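Novice: Sequence:
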Amino acid sequence: MDRKEQLMKIFSVRIREILTALPVHIGRLQEIRLRAGRPLMILYDNKEYLAGSEGNIVTESSEAYHVSAQEIQETMTYLSHYSIYAYEEEIRQGFLTIQGGHRVGIAGKVLSDGNGIRSIRPITFLNVRLAHEVRGCADELMPWLYEEGRPCSTLILSPPGCGKTTMLRDVIRQFSNGCGQEAGRRVGVVDERSEIAACYRGIPQNDMGIRTDVLDGCAKHMGMQMMLRSMTPEILAVDEIGSRTDKEAIDAVMNCGCCLLATAHGASMEKMQMRPALRQMAEEKIFERYVILSRKNTVGKVEAILNADMDFLYQNHRGDLCHDRMRRSRTGYGRLLEEALCTAGTDAAVT
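Residues in the sequence shown are numbered from 1 upward in steps of one, following the UniProt record's numbering.
Since the hints were derived computationally from the structure, they do not count as laboratory data. Mixed in with the good hints there might be a few duds.
Once the Cα atoms are required to be at most 35 Å apart in a straight line, the calculated DSBU-like pairs of lysine-lysine come out as [stated by the list, open to error]:
no.: 1; residue 1: Lys271; residue 2: Lys285
no.: 2; residue 1: Lys4; residue 2: Lys296
no.: 3; residue 1: Lys296; residue 2: Lys247
no.: 4; residue 1: Lys296; residue 2: Lys271
no.: 5; residue 1: Lys247; residue 2: Lys271
no.: 6; residue 1: Lys247; residue 2: Lys285
no.: 7; residue 1: Lys9; residue 2: Lys47
no.: 8; residue 1: Lys109; residue 2: Lys4
no.: 9; residue 1: Lys296; residue 2: Lys285
no.: 10; residue 1: Lys9; residue 2: Lys109
no.: 11; residue 1: Lys271; residue 2: Lys301
no.: 12; residue 1: Lys109; residue 2: Lys247
no.: 13; residue 1: Lys4; residue 2: Lys301
no.: 14; residue 1: Lys301; residue 2: Lys247
no.: 15; residue 1: Lys4; residue 2: Lys47
no.: 16; residue 1: Lys109; residue 2: Lys47
no.: 17; residue 1: Lys285; residue 2: Lys301
no.: 18; residue 1: Lys271; residue 2: Lys47
no.: 19; residue 1: Lys47; residue 2: Lys301
no.: 20; residue 1: Lys296; residue 2: Lys47
Quick list of simulated restraints, FRET-style, between CB atoms [stated by the list, open to error]:
no.: 21; residue 1: Lys47; residue 2: Glu270; range: 25 to 33 Å
no.: 22; residue 1: Glu248; residue 2: Tyr82; range: 40 to 48 Å
no.: 23; residue 1: Glu88; residue 2: Thr232; range: 31 to 39 Å
Note that the coordinates shown come from a computational prediction; the quantities given were computed from them, not determined experimentally. Positions of the beta carbon are idealized from the N, C-alpha and C atoms, including for glycine.
With the sequences and hints as input, model every part of the structure.
Specialist: Below, the structure is given as structure tokens:
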């Protein structure tokens, strides 16, 4: 069964027929949205399209195929393998990860009590986000993430949808397997929302490297401590940090001498430092590298790399990442650009 067939089998029969007939390439399909009583929609190459009943693309809502509540329930039956109650914990969190690493977001009527959310029922909205692993996207970045053969604690920053998690995933894979002449390292991943490794029944659906252990579905602040005690990682990786609780857990990680890889929302250093916990981490120089991404020309474009002192090591508008990497190998790990911007957080670094 190929990737497309594997994905299509989770949908209700009629929707499956429509999606299969659409003139799209599975590798460029990003999202499939089902809303009860609303048009069937897809996100393809970062653009939204309406799907017609004949498997065609239409421009008007009135021409689109409208999804019924019954079809959403049928879809839930298929993706839960006819045992929706076995997935109650995932439903309470608002998403499921299915085979292939695809993520199904869930919305509808929330049932709650004094202890929080009990369930979502009926489920009337689904968003299927397709997993897209981009092996090699960190190839040119990796040499910047070592200091005298030692991995650097690194924070990857970008606005939403610019490839933070995709880049983090490939950095993890390369640290784990070994990069160039650098030996592979033991990596522990705390994947709170199953977005990094995309585990299905405990097994990563993404290639995380041969020396990587994954703690799936566990809160970061608890998972980091568990990983340190049980798996002795040399590198610990987490996604989307920024809370005070995250900061406290990260302090414990650094006290154990472990290298940290993380991501956070932020279009620039200035915007990152508007968040108190992240600003404190910057002041304490927890991270030795800051990598700023944008989606300029392509998702995951490296716009800037800074060190712990907020000196620019690389800026996109001043040179080629690969070329500057070779300069760096000849001149050492100091500041490459003496005329760097006076304010490290200006948005010019990412535009």
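Novice: Tell me, which hint numbers fail for this structure?
Specialist: When the structure is compared with the hints, none of them turns out to be violated.
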